[in-house]
Amino acid sequence: MAVSVAKERKVRGLGSERLREALVGYGFIALPMGFFLLFFIFPIGYAAYISRYDWGIFRGPFIGFDNYRQLYHDSVFWQHAVRNTLVYTAVVVPLQMALGLSLAVVVNNAIRFRTFFRAAFYFPSLASSAAIVSIATYILASDGLLNSFLGVLGYHHTYAWFSRTDTALPSIIGLNAWTTAGTMMLFYLASLQAISTEVYEAAAIDGAGAWRTFWKITFPLLKPGHFFVAVVSVIGALQQFDQSFIVGGTSGGPNYSTMTVVLYLYNRAFSAHFGYAAAVGLVLFVFIFTVTVIQRLLFGKAEVA
Amino acid sequence: MADEQLPPTPAALAVGELAVVEAAGAPPAAPGIPGRERADRIRIVLTYTVMFIVAALFFIPFLWSVSTSFRTIADTVQGFSLLPRHWTTAGYHDVFYKYHFGRYTMNSAIIAGAITATNLFLASLGGYAFARLKFPGREVLFMLVLGTLMIPDQLRLVPIYQMLVNMLPSWVGHVGWENATFTNRNGVILINLVSASSLFLMRQYFLTIPRDLEEAAKLDGAGYFKTYRRVMLPLAGPALAAVCILTFQGSWNGLFWPAVLLQDEAQRTIPLGLVYFQTIYTTLWPQLMAASVVAIVPVLLLFVLFQRYFVAGVAASGVKG
Numbered sequence: 008m009a010v011s012v013a014k015e016r017k018v019r020g021l022g023s024e025r026l027r028e029a030l031v032g033y034g035f036i037a038l039p040m041g042f043f044l045l046f047f048i049f050p051i052g053y054a055a056y057i058s059r060y061d062w063g064i065f066r067g068p069f070i071g072f073d074n075y076r077q078l079y080h081d082s083v084f085w086q087h088a089v090r091n092t093l094v095y096t097a098v099v100v101p102l103q104m105a106l107g108l109s110l111a112v113v114v115n116n117a118i119r120f121r122t123f124f125r126a127a128f129y130f131p132s133l134a135s136s137a138a139i140v141s142i143a144t145y146i147l148a149s150d151g152l153l154n155s156f157l158g159v160l161g162y163h164h165t166y167a168w169f170s171r172t173d174t175a176l177p178s179i180i181g182l183n184a185w186t187t188a189g190t191m192m193l194f195y196l197a198s199l200q201a202i203s204t205e206v207y208e209a210a211a212i213d214g215a216g217a218w219r220t221f222w223k224i225t226f227p228l229l230k231p232g233h234f235f236v237a238v239v240s241v242i243g244a245l246q247q248f249d250q251s252f253i254v255g256g257t258s259g260g261p262n263y264s265t266m267t268v269v270l271y272l273y274n275r276a277f278s279a280h281f282g283y284a285a286a287v288g289l290v291l292f293v294f295i296f297t298v299t300v301i302q303r304l305l306f307g308k309a310e311v312a
Numbered sequence: 040m041a042d043e044q045l046p047p048t049p050a051a052l053a054v055g056e057l058a059v060v061e062a063a064g065a066p067p068a069a070p071g072i073p074g075r076e077r078a079d080r081i082r083i084v085l086t087y088t089v090m091f092i093v094a095a096l097f098f099i100p101f102l103w104s105v106s107t108s109f110r111t112i113a114d115t116v117q118g119f120s121l122l123p124r125h126w127t128t129a130g131y132h133d134v135f136y137k138y139h140f141g142r143y144t145m146n147s148a149i150i151a152g153a154i155t156a157t158n159l160f161l162a163s164l165g166g167y168a169f170a171r172l173k174f175p176g177r178e179v180l181f182m183l184v185l186g187t188l189m190i191p192d193q194l195r196l197v198p199i200y201q202m203l204v205n206m207l208p209s210w211v212g213h214v215g216w217e218n219a220t221f222t223n224r225n226g227v228i229l230i231n232l233v234s235a236s237s238l239f240l241m242r243q244y245f246l247t248i249p250r251d252l253e254e255a256a257k258l259d260g261a262g263y264f265k266t267y268r269r270v271m272l273p274l275a276g277p278a279l280a281a282v283c284i285l286t287f288q289g290s291w292n293g294l295f296w297p298a299v300l301l302q303d304e305a306q307r308t309i310p311l312g313l314v315y316f317q318t319i320y321t322t323l324w325p326q327l328m329a330a331s332v333v334a335i336v337p338v339l340l341l342f343v344l345f346q347r348y349f350v351a352g353v354a355a356s357g358v359k360g
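From first to last, the protein sequence lines are chains A and B. This note's numbering puts the first residue of the first sequence at 8, with every later residue one more than the last. This note's numbering puts the first residue of the second sequence at 40, with every later residue one more than the last.
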């Protein structure tokens with residue numbers, strides 16, 4: 008009898024210890040989890056709810072899928088916002104990847120001043136987009152540094168690059184490829200350093216040159232790195248907002264040439280069309296989600312760490 | 040990312056040292072092939088020249104903006120000159136005393152400081168629980184946290200704005216906080232209290248810490264919070280530094296949420312202030328450049344002081360995929 012009581016107490020003691028650990032665990036994650044539920048998970052459903060109403064600043068009448076129908080026929084959305092975002096993504100992603108990879112390969116070598124070069128290349132990634140665009144606006148102004156430089160070369164530009172419909176978006180593309188190259192470089196660096204040195208030794212023994220080694224060995228072995236950088240870069244590009252907002256204001260000027268999907272969403276929301284903006288947000292979310300899944304299928308799931 | 044063959048070189052030093060180290064550190068001559076040594080040396084000098092030019096492209100725009108920030112307005116339209124013709128700090132003076140950037144700087148500091156503090160605390164506490172404490176549903180909940188990384192901020196714009204304008208004030212009204220508003224600094228802080236990437240970074244780091252020390256603390260009768268506070272936190276320095284730096288940088292530079300929530304001029308952050316300044320005063324270049332320098336310098340200082348943690352942090356958030 009006494010023995011069984013003792014045993015029971017011991018078992019209960021263990022159980023309560025485990026319970027205590029679990030309760031403490033829940034307690035420690037309670038605030039972050041509550042936060043994620045309230046400000047990340049709940050808003051998805053709430054956005055879906057808002058998108059089915061004629062929601063100005065406050066909730067209006069229920070209109071079913073009318074916002075989506077209207078979006079389907081919205082020429083500003085398709086011909087400017089979506090088109091610009093896709094063009095931007097299609098050009099900026101390869102640029103960012105190529106630049107990031109080149110810089111990473113250079114900095115990964117046992118070169119002198121490695122830390123200096125790495126810091127220099129990462130430097131533009133540090134600064135806020137607002138400061139970068141301010142500086143770019145100045146350099147790309149009608150009498151700015153770039154036009155003066157081109158003038159010296161005998162090529163006379165007299166307009167500000169951000170002010171014309173044909174050069175505003177390309178300027179933003181160039182600017183962003185340059186500012187994010189450093190971040191992409193760091194991602195590629197991490198991935199490069201995961202490649203075993205033995206592979207390179209084998210290649211060296213086989214007499215493969217630097218160029219050949221890069222294309223035959225480094226590039227294919229970087230597959231997980233390519234995947235990650237591509238995903239980050241595409242997601243970032245589809246969410247392009249800051250530079251367009253600063254250069255073109257909420258209407259993506261000049262003449263919608265810098266209008267993007269996210270800027271359009273912001274524009275709709277703050278012209279008191281919250282229901283419509285919520286629909287734009289959900290369409291964007293579904294699109295980004297699909298692209299990520301497709302990329303994952305293309306690059307193979309097993310490759311992703 | 041950790042192993043550095045070369046000691047960290049401050050940018051200013053590196054350029055000055057170039058000639059000396061370059062001469063001393065030329066590769067050993069390949070014996071037997073005449074002319075090889077010379078060709079190699081030319082190739083190396085050429086490579087480094089190209090690299091320095093490329094590196095220069097990455098920071099010349101900033102040097103140009105610093106140079107312009109010390110100019111007079113007249114100077115900016117007189118054609119090219121590398122340095123200001125007349126040095127003046129009027130740009131900075133105007134920015135702070137005429138265009139309210141003193142206030143914007145304070146707003147940015149409050150927002151970035153608060154978000155960094157809450158991220159450090161909540162991410163380390165939650166990261167410790169996810170890494171070490173056993174409770175049912177732990178893995179599922181952690182996947183949920185990582186899943187939030189898939190939700191773009193833009194999708195959250197409408198619902199969160201509506202929540203902060205309509206729902207939340209009425210909720211806190213019920214508990215006696217009348218007329219609360221969240222379309223201000225508090226709102227920006229509230230919706231950025233902790234991020235999934237901070238939590239992820241902390242958890243991954245705690246997983247690498249050996250369990251022995253905790254066991255010892257447990258034997259000494261330390262509770263979970265005490266173990267977290269006295270044993271785990273002191274060991275998590277590098278991860279805390281990475282979270283601190285990346286969060287501060289992100290919130291100091293952030294434009295999207297301030298642009299959504301800060302409608303009142305007095306609440307603006309530096310980036311938002313820059314946007315409005317640019318649209319109103321299109322050609323006050325020295326002032327605009329001075330404000331840009333003010334926006335960049337704090338993050339730049341952080342980077343110069345803690346470069347290792349920056350690199351490690353970005354890499355760690357990258358490796359996970």
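Because the hints were derived from the structure by calculation, they are not lab data. Just to be clear, a hint being listed does not mean it is correct.
[Unchecked claim] Pairs of lysine to aspartate or glutamate residues, derived as DMTMM-like cross-links and limited to a Cα-Cα distance of at most 25 Å, are as follows: (1) 230(A) with 208(A); (2) 223(A) with 205(A); (3) 265(B) with 254(B); (4) 265(B) with 251(B); (5) 173(B) with 259(B); (6) 223(A) with 208(A); (7) 230(A) with 205(A); (8) 173(B) with 254(B); (9) 173(B) with 79(B); (10) 173(B) with 205(A); (11) 223(A) with 213(A); (12) 257(B) with 24(A); (13) 137(B) with 259(B); (14) 257(B) with 213(A); (15) 173(B) with 213(A); (16) 230(A) with 213(A); (17) 265(B) with 208(A); (18) 265(B) with 28(A).
[Stated by the list, open to error] Restraint-style ranges between C-beta atoms, simulated for each label pair: (19) 48(A) with 156(B): 42 to 50 Å; (20) 321(B) with 66(A): 33 to 41 Å; (21) 105(A) with 99(B): 32 to 40 Å; (22) 321(B) with 207(A): 32 to 40 Å; (23) 251(B) with 217(A): 25 to 33 Å; (24) 65(A) with 188(B): 25 to 33 Å; (25) 320(B) with 172(A): 17 to 25 Å; (26) 228(A) with 320(B): 21 to 29 Å; (27) 126(B) with 304(A): 42 to 50 Å; (28) 204(A) with 321(B): 30 to 38 Å; (29) 30(A) with 99(B): 56 to 64 Å; (30) 118(A) with 347(B): 16 to 24 Å; (31) 83(B) with 41(A): 52 to 60 Å; (32) 318(B) with 173(A): 15 to 23 Å.
[What the hints assert, rightly or not] A short, non-exhaustive set of chain B residues, derived as facing chain A with CB atoms under 10 Å: (33) 145; (34) 149; (35) 173; (36) 293.
We put the beta carbon where it would ideally sit given N, CA and C, even for glycine.
Hint check:
1. 230(A) with 208(A): 20 Å, holds
2. 223(A) with 205(A): Holds, because 15 Å separates the two Cα atoms, which is no more than 25 Å.
3. 265(B) with 254(B): 13 Å, holds
4. 265(B) with 251(B): 16 Å, holds
5. 173(B) with 259(B): Holds. Residue 173(B) to residue 259(B) sits at ~20 Å (cutoff 25 Å).
6. 223(A) with 208(A): Within the cut-off at roughly 14 Å; holds.
7. 230(A) with 205(A): Holds - the C-alpha atoms of residue 205(A) and residue 230(A) are around 18 Å apart, at most 25 Å.
8. 173(B) with 254(B): 15 Å, holds
9. 173(B) with 79(B): Measuring from Cα to Cα gives roughly 60 Å; hence the hint is violated.
10. 173(B) with 205(A): Violated. Residue 173(B) to residue 205(A) sits at ~40 Å, over the 25 Å cutoff.
11. 223(A) with 213(A): Roughly 12 Å between the alpha carbons, so the hint for residue 223(A) and residue 213(A) holds.
12. 257(B) with 24(A): Holds. Residue 257(B) to residue 24(A) sits at ~12 Å (cutoff 25 Å).
13. 137(B) with 259(B): Not satisfied, since the Cα-Cα distance of roughly 60 Å exceeds 25 Å.
14. 257(B) with 213(A): 56 Å, violated
15. 173(B) with 213(A): 51 Å, violated
16. 230(A) with 213(A): 23 Å, holds
17. 265(B) with 208(A): With Cα atoms ~49 Å apart, residue 265(B) and residue 208(A) exceed 25 Å; violated.
18. 265(B) with 28(A): Holds. Residue 265(B) to residue 28(A) sits at ~13 Å (cutoff 25 Å).
19. 48(A) with 156(B): 42 to 50 Å: 24 Å, violated
20. 321(B) with 66(A): 33 to 41 Å: 40 Å, holds
21. 105(A) with 99(B): 32 to 40 Å: 21 Å, violated
22. 321(B) with 207(A): 32 to 40 Å: 53 Å, violated
23. 251(B) with 217(A): 25 to 33 Å: 46 Å, violated
24. 65(A) with 188(B): 25 to 33 Å: 32 Å, holds
25. 320(B) with 172(A): 17 to 25 Å: 24 Å Cβ-Cβ, so the 17 to 25 Å window holds.
26. 228(A) with 320(B): 21 to 29 Å: 52 Å, violated
27. 126(B) with 304(A): 42 to 50 Å: With Cβ atoms ~59 Å apart, the hint is violated.
28. 204(A) with 321(B): 30 to 38 Å: Violated, at about 54 Å.
29. 30(A) with 99(B): 56 to 64 Å: 58 Å, holds
30. 118(A) with 347(B): 16 to 24 Å: Since the Cβ atoms of residue 118(A) and residue 347(B) sit about 18 Å apart, the hinted range of 16 to 24 Å holds.
31. 83(B) with 41(A): 52 to 60 Å: Given a distance of about 58 Å, which is inside 52 to 60 Å, the answer is holds.
32. 318(B) with 173(A): 15 to 23 Å: At 22 Å between Cβs, range holds.
33. 145: With Cβ-Cβ at 16 Å, over 10 Å, it is violated.
34. 149: Nearest chain A Cβ about 16 Å off; hint violated.
35. 173: 6 Å, holds
36. 293: With Cβ-Cβ at 8 Å, under 10 Å, it holds.
The earlier numbered hints that this structure contradicts are 9, 10, 13, 14, 15, 17, 19, 21, 22, 23, 26, 27, 28, 33 and 34.
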